[in-house]
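Trainee: All chains should be modelled from the sequences, with the hints used to inform the complete structure.
If you want the building blocks of each chain, they are given just below.
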Amino acid sequence: MNDNRIVERLNRCFEYVQSQDIRIMEVCGTHTRVISKSGIRYLIPKEVMLLSGPGCPVCVTPETYIDMALEILNLEDVILVTFGDMIKVKGTCFSLSDKQAQGSKVTVVYSPEDALTIAAKNKDKLIIFLAVGFETTAPLIAVTVKLSNERGLDNLVFLTALKRMEPAIRFILQDERSKVNAMICPGHVASIKGADHFRFITEEFGIPAVVCGFESQDIAAGICVMLEQLTGKGHIEFVNLYKRCVSFSGNTIAQCMINEVFAIADGAWRGIGIIRNSALVLNDKYEHLDAVKRFGIKIERYSSPVNCLCSEILLGLKLPYQCSLFGSVCTPEHPSGPCMVSSEGACAAHFRYGGDRKNG
Amino acid sequence: MCLAVPARIVTIDEIHAWVETMGVRQRVNIQLIDSPKPGDYILVHAGFAIEKIDPEHFRFLNDTLYEMFEGTENE
Ligand code: SF4
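Taken in sequence, the protein lines are chains A and B. Numbering of the first sequence is given in the working numbering, commencing with residue 1 and proceeding in unit increments. Numbering of the second sequence is given in the working numbering, commencing with residue 361 and proceeding in unit increments.
Among the hints, a few may not be true.
What the hints assert, rightly or not - With a straight-line cut-off of 27 Å between C-alpha atoms, the simulated BS3-like cross-links for lysine-lysine are:
hint : chain 1 : residue 1 : chain 2 : residue 2
1    : A       : Lys285    : A       : Lys123
2    : A       : Lys105    : A       : Lys123
3    : B       : Lys397    : A       : Lys146
4    : B       : Lys412    : A       : Lys146
5    : A       : Lys243    : B       : Lys397
6    : B       : Lys412    : A       : Lys90
7    : A       : Lys298    : A       : Lys99
8    : A       : Lys121    : A       : Lys99
9    : A       : Lys37     : A       : Lys243
10   : A       : Lys123    : A       : Lys146
11   : A       : Lys293    : A       : Lys88
12   : A       : Lys298    : A       : Lys90
Hints listed in this document are in silico derivations from the structure and should not be mistaken for laboratory results.
Mentor: Listed below in structure tokens is the structure:
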């Protein structure tokens with residue numbers, strides 16, 4: 001952190017925090033990484049805990065989704081196209097990279113648009129794009145779906161696991177066991193949906209919520225504002241500290257794209273289960289491009305892996321070190337649970353950058 | 361996964377633009393932003409421009425990005 005004023009103000013806040021336990025949750029994987037990497041955890045008093053919510057789309061993609069992708073790979077003449085983050089995530093038993101090692105065609109892309117090029121070049125093959133992400137990524141997928149339809153690429157289909165953030169936050173805050181006192185809102189989801197999209201956190205649940213950017217200074221400033229509010233030095237209100245990239249109403253073109261292509265459905269979150277209205281699926285107009293419908297795949301009921309504490313971690317009830325598998329059986333090289341797979345997962349970030357025992 | 365990086369639009373080619381981040385050029389889709397122009401500063405996520413940003417913030421983000429890369433050399 002190179003802004004001394006923020007550090008000074010933060011230190012002043014720490015004086016206000018007397019033996020009052022404060023739990024601040026972030027629900028964006030990039031925030032999780034920045035918090036762990038910047039060492040903010042070491043600066044704050046032991047009463048203040050920084051918890052990582054379900055902010056990494058890869059970590060919350062259920063095993064059954066990977067299993068479906070693996071099943072499709074058993075068909076002949078298919079190419080599976082995916083973001084790199086998904087490649088190591090295990091389904092019930094295997095990951096896409098295991099399958100790739102056995103000769104299956106899995107192609108990693110940076111942009112969903114690359115799937116269009118692959119489909120155009122391989123007309124004799126069926127291309128399946130793994131559409132994973134939150135509302136930051138959903139508009140990109142929507143544009144790709146529309147372009148694919150316009151160009152008549154009928155060999156490209158989408159296996160979707162797109163998630164909406166708002167129902168997940170509501171789910172966490174409504175949980176009777178939840179002890180979350182304040183929330184750092186996901187900055188790039190907010191740049192699409194608008195800061196106002198997260199105002200309900202303060203209005204309905206009465207806790208401070210701040211839209212933050214992704215530099216350590218941004219996060220420190222956010223923590224500062226929330227601590228001031230929680231210790232009575234400021235009144236509880238919703239604050240947008242990321243005005244440079246997030247307007248109150250968001251990117252309306254991107255929102256229109258989402259609404260034009262997707263419908264809202266119930267979604268399965270790994271480690272959590274079904275959350276109502278939390279998924280985006282292709283709507284009636286585009287359902288012919290939906291891989292599940294095209295292949296008539298059966299969606300299995302979702303169940304969590306044994307012994308993995310991810311569900312409690314994602315809900316902010318436990319910290320990674322409290323899992324008996326953390327760092328021994330479960331490591332980033334051999335992840336047992338989803339939070340260890342992506343570098344944005346709570347367990348992986350704690351494993352890599354450490355954290356003291358009070359704060360995980 | 362929602363990571364976005366700052367970039368500057370260099371040229372526009374229908375629904376795409378060539379943009380520059382830290383001296384590296386890449387082609388991104390610009391259908392999600394309103395009236396993009398060469399010289400505009402944007403945030404890029406997975407090959408798409410997702411928002412316009414102000415020039416001052418671009419400089420700040422770009423500097424931090426440099427710092428981030430310097431810091432990750434030995435990881
Ligand atoms: S350490 Fe591994 S097994 Fe334990 S909660 Fe984290 S991801 Fe799950």
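Trainee: Hint by hint, note whether the structure agrees.
Mentor: Here is how each hint holds up against the structure:
no.	hint	in the structure
1	A:Lys285 with A:Lys123	23 Å, holds
2	A:Lys105 with A:Lys123	15 Å, holds
3	B:Lys397 with A:Lys146	23 Å, holds
4	B:Lys412 with A:Lys146	23 Å, holds
5	A:Lys243 with B:Lys397	21 Å, holds
6	B:Lys412 with A:Lys90	36 Å, violated
7	A:Lys298 with A:Lys99	20 Å, holds
8	A:Lys121 with A:Lys99	23 Å, holds
9	A:Lys37 with A:Lys243	24 Å, holds
10	A:Lys123 with A:Lys146	18 Å, holds
11	A:Lys293 with A:Lys88	26 Å, holds
12	A:Lys298 with A:Lys90	19 Å, holds
Hint 6 from the list above is the single one not met by this structure.
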